[in-house]
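Line order of the protein sequences matches chains A and B. Note that this note's numbering has the first sequence beginning at 1, numbered continuously upward. Note that this note's numbering has the second sequence beginning at 1001, numbered continuously upward.
Be aware that a few hints might be false.
One-sided and incomplete, this derived list gives chain B residues near chain A with beta-carbon spacing under 8 Å [unchecked claim]:
| no. | residue |
| --- | --- |
| 1 | A1018 |
| 2 | P1021 |
| 3 | V1088 |
| 4 | R1273 |
| 5 | Y1275 |
| 6 | T1279 |
| 7 | K1282 |
It should be emphasised that the hints constitute simulated quantities derived from the structure, not laboratory data. Just so it is clear, CB atoms sit at the ideal spot from N, CA and C, and this is done for glycine as well.
There are 2 protein chains.
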Amino acid sequence: MSFTDLLNTNFVHWVDSARAPESDIVISSRVRLARNLRRIPFPHMLDENTGKKCVEDIKNAWKNSTETRGMNIVFFNQIPLIDRQILVEKHLISPNHAQSDSNYRGVLVNDVGSIAIMINEEDHLRIQCILPGLQMEEASKRAQKIDDDLENNLDYAFNEKRGYLTSCPTNVGTGMRASVMLHLPGITISGQTNRIFQNINQLGMTIRGLYGEGTEIVGNFYQLSNQVTLGLTEEDIIYNLTSIARQIVEQERIIREKLKVQMQYQIEDRIGRAYGIITNAKVITSNEALSLLSDVRLGVNLGIIKDIKSFTLNELIVAIRPAHLQKRTGKEMTAVERDITRAEVIKEKLNAAGSK
Amino acid sequence: MSFTDLLNTNFVHWVDSARAPESDIVISSRVRLARNLRRIPFPHMLDENTGKKCVEDIKNAWKNSTETRGMNIVFFNQIPLIDRQILVEKHLISPNHAQSDSNYRGVLVNDVGSIAIMINEEDHLRIQCILPGLQMEEASKRAQKIDDDLENNLDYAFNEKRGYLTSCPTNVGTGMRASVMLHLPGITISGQTNRIFQNINQLGMTIRGLYGEGTEIVGNFYQLSNQVTLGLTEEDIIYNLTSIARQIVEQERIIREKLKVQMQYQIEDRIGRAYGIITNAKVITSNEALSLLSDVRLGVNLGIIKDIKSFTLNELIVAIRPAHLQKRTGKEMTAVERDITRAEVIKEKLNAAGSK
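Chain A on its own, in the form it takes in the complex:
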């Protein structure tokens, strides 16, 4: 695995869920630490000179930190938009960040894509660790280790009272945003989202669609994350998020078992049809594909569909997206051409994966 592979295959560390905890329901765990350098303007205020200075400091820290020196550092004037979109689709950088082709915006990323440090996105550094399944503590530990190491070589903007200073006030304090991506077909199908999610905001958490803020819920994938970064320790944030995630996972498991028993034929029918459609369609939109993959995933988890690995299903979440499809065909495509290629990719992966 190399950075080139990361850009040219469907692989990214979090799809490899085989031995990850709770991976039947939790797709991935992410911890993100926002950090800024003292005496350098925030990214949106950078000019040619301060940008250059900022990048020099970061490059210097990269080379001198044991944790990061083996990683790839890339600035967005060096790679085309398609490659930046690939990184977005792998959840390694934000869509906004990918829009820039600036020579001082970029990413510091390891080969497998479990660590991705955005450079000059909203903050000078956003250190992210993304792992498969429910592994908040491990993700936090790894992110903090890198953070500590970089801090040895960088002068962070830190205030004794407010903690880490950030470009957006909602990140001030720990600068930590922690999130889990959950697959909740049981809760959704049974119409219990309102009941189960109702207290989440009061607990300082928020739940959103697969692609973050403002995105709709597609394929019964949800992102649960903390909203409060101030007044809590990093340990509190991770502990709270993990507890709530565990409760939701528990609820989802109970509902799935109930559905399986009480609505056996309806569920088997729904799953069978989804599998039938997704392996036989010739044209398929991204949203429809995610919805059908959601049902297929439920079928795999309930043992109704055999021989398809959750690895394959996770990989497909990435592989069906536009930039990955474009990489495959090697050319820009119309929406319809993408829908056709998407159907081919899905058929290929699921047929290779096994049979029902």
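The hints should help you fit chain B onto chain A, whose structure is shown.
Only chain B this time, still in chain A's reference frame:
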């Protein structure tokens, strides 16, 4: 093949379309001759005595006619409702006829079910010949041969001026009703039914759903039949119906080829999805099954789906109906149980038939 087989399998002659003309579009051809006996009241006016007399005359003719003596004669007090429904689902008797368990109502039918003579339905005799594909002339020839043979041994109600007298005045004259069952997905999908069917009534024909008068169009199956029995010879009726059927077949072929070229992906997608759903559903209603089978049949005809024979698809038109499903499980079922069994039957037949 015996009468018992006819009652206990999905087979009936018209499903065996392998070498039948135009069988990609024409499912079956039927000719029905309405005949009544002189000096015996029409069936709805029969009482115990006249009914007995009528049956005796018919039995006598059956034994003495070369054409019919090898056939099975059954009265509806001798077979249970389920068996009568089986005959309905094979298109050998009418639904109304099956409702009766009278000892003078019944059917005279050959082992393969290409000839079915309803006894005391609306008329004393309704001599039917049903063949696969477009074979109106052959069906007419066979029906008339039986008719001639029976007439040697029966005194038909016939009037020089009006022709054969029938219970319902719309059948007076030749007493001939001829019909073809057509599968017209191209005309239907492309929204051209109105254009193509607009002159049919003026030509003395009518077009209806699969199960005859008053039934909706399901699965793009249509029944084209003559409405006028008086003032035309038998040859005219058969010639006219065959000509119009051929014109419709021609139109359907042209539209299919156009669809295949101009809407390649949409058509392949539609067919692929139909195949995927029908081979993976766990619960399926009769109407949905017919709609999906219609798409699968189109796929087979266009060469998009391989290795499924039209025999299998024709057999499924019969096999998915309630009485045939009940025969299979050997018990009465709820609608949902039937939907489950129907899905099993389809899966079994199509998986046995081949792969895509």
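Results for each hint:
Here the hint on A1018(B) is broken, as its CB sits about 26 Å from the closest CB of chain A, past 8 Å. For P1021(B), the interface hint is violated, since its Cβ never comes within 8 Å of a Cβ in chain A; the closest pair sits about 31 Å apart. Because the smallest distance between the Cβ of V1088(B) and any Cβ of chain A comes to about 28 Å, over 8 Å, the interface hint for this residue is violated. Because the smallest distance between the Cβ of R1273(B) and any Cβ of chain A comes to about 5 Å, under 8 Å, the interface hint for this residue holds.
Of the supplied interface hints, the one on Y1275(B) holds, with its beta-carbon coming within about 5 Å of a beta-carbon of chain A, less than 8 Å. A hinted interface residue such as T1279(B) counts as satisfied when its beta carbon comes closer than 8 Å to some beta carbon of chain A; here the least separation is about 6 Å, so the hint holds. A distance limit of 8 Å between C-beta atoms decides the matter here; for K1282(B) the minimum to chain A is near 4 Å, and the interface restraint holds.
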